[in-house]
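Colleague: Sequence:
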Amino acid sequence: MDSSSLKPWRPTVFNRFAGLLALCCWLFLACWLIGRLATDRWYWSQFLFWIPTPFAIAGALFGFTLAFRSARDSSIRFRRRSVWLLVVVALFADFLLLENHMFRSANPTPSGLKLVHWNMSQSVNPVPGDILNSRLLELDPDITIMTSPGGWGWDPHLEPLNAGQRPVFIFPIVMLSKLPILQGRQLIADNGVFVGIVQLDATQTLGRPITIYVVDFLSRPTASRMAVADEVHDTLSRMNVPPPDLVVGDMNITRHSASLAHMFPDTADAYDQAGHGYAATFERRFPLFHIDHVLLAPWLHATRYDVVDFSAARHRAQVCWFDTITSDKK
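Taking this note's numbering, the leading residue of the sequence shown gets 3, the next gets one more, and so forth.
No false leads were mixed into what you were given.
With a straight-line Cα cutoff of 25 Å, these simulated SDA-like cross-link-like pairs (lysine to any residue) come out:
| hint | residue 1 | residue 2 |
| --- | --- | --- |
| 1 | Lys180 | His303 |
| 2 | Lys116 | Asp268 |
| 3 | Lys116 | Ile133 |
No wet-lab data here; the hints were simulated from the structure.
Required output: the full structure, derived from the provided sequences and hints.
Modeller: Following this line, the structure appears as structure tokens:
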């Protein structure tokens, strides 16, 4: 027998390095999974929760590529490739079916009221007022909520969106409404956390008035999201205010987080109910995070939810149609 055939297999330097990179890929995916399970329940876990799933998919694809490195025998390489392939497929399924409803069609005939919310904050130039106003008129919403509108000024052409009423100004938010405005005032304005309350008479459409909390939460990454949730929940619980029927705004918190569930319990995300396609709202040009939300009380449900790129500002806008549970006309 040829003695060379008995020579033990030894990994090359490149093979060792590829194995180390594969281990790093596994650790990265473990961080992503821990973040999904823990969400932002703890300060440390919120940073893991913010790992975008596309990054996890890229890490898994890189790990799959590394699985083709040489091994002691072909069965080891086959097992490596099989495991990594299963991980890639699972991540794609999670991203396309669970995190985003990529194969859900938009409801062509949504019922109820139409709401538009857009955070207009920007890093360079403000949105020209005529462009903003023309886009709002095209959408023709029943309720219009603008966060950080900057130099926006009232345009008489927007009168159809406000039914002869004065716009509601609750720093840093402006609201227009075709429905009669019963009241609007600030509830919280502290340390970058803003919560306002607006009550509208929706009796003709929904059968009763509705209470909307308009919110804008701080964007500082180092701020604990659960601490913000504790502060908002405790402050609101001490106030004699009605619970929200809708919560709308830039929350700087991603969907399915523990902090949102703690802050506004018994509400459901409009995208989960009626959203379709890719749902990230920030950063507008290359969006990875869904941080602008519409949350609904149990007696309401979304009949359609869209994310719209206005080609301006740093956020994409959200458009939501909502109705009562008993008047489901889908």
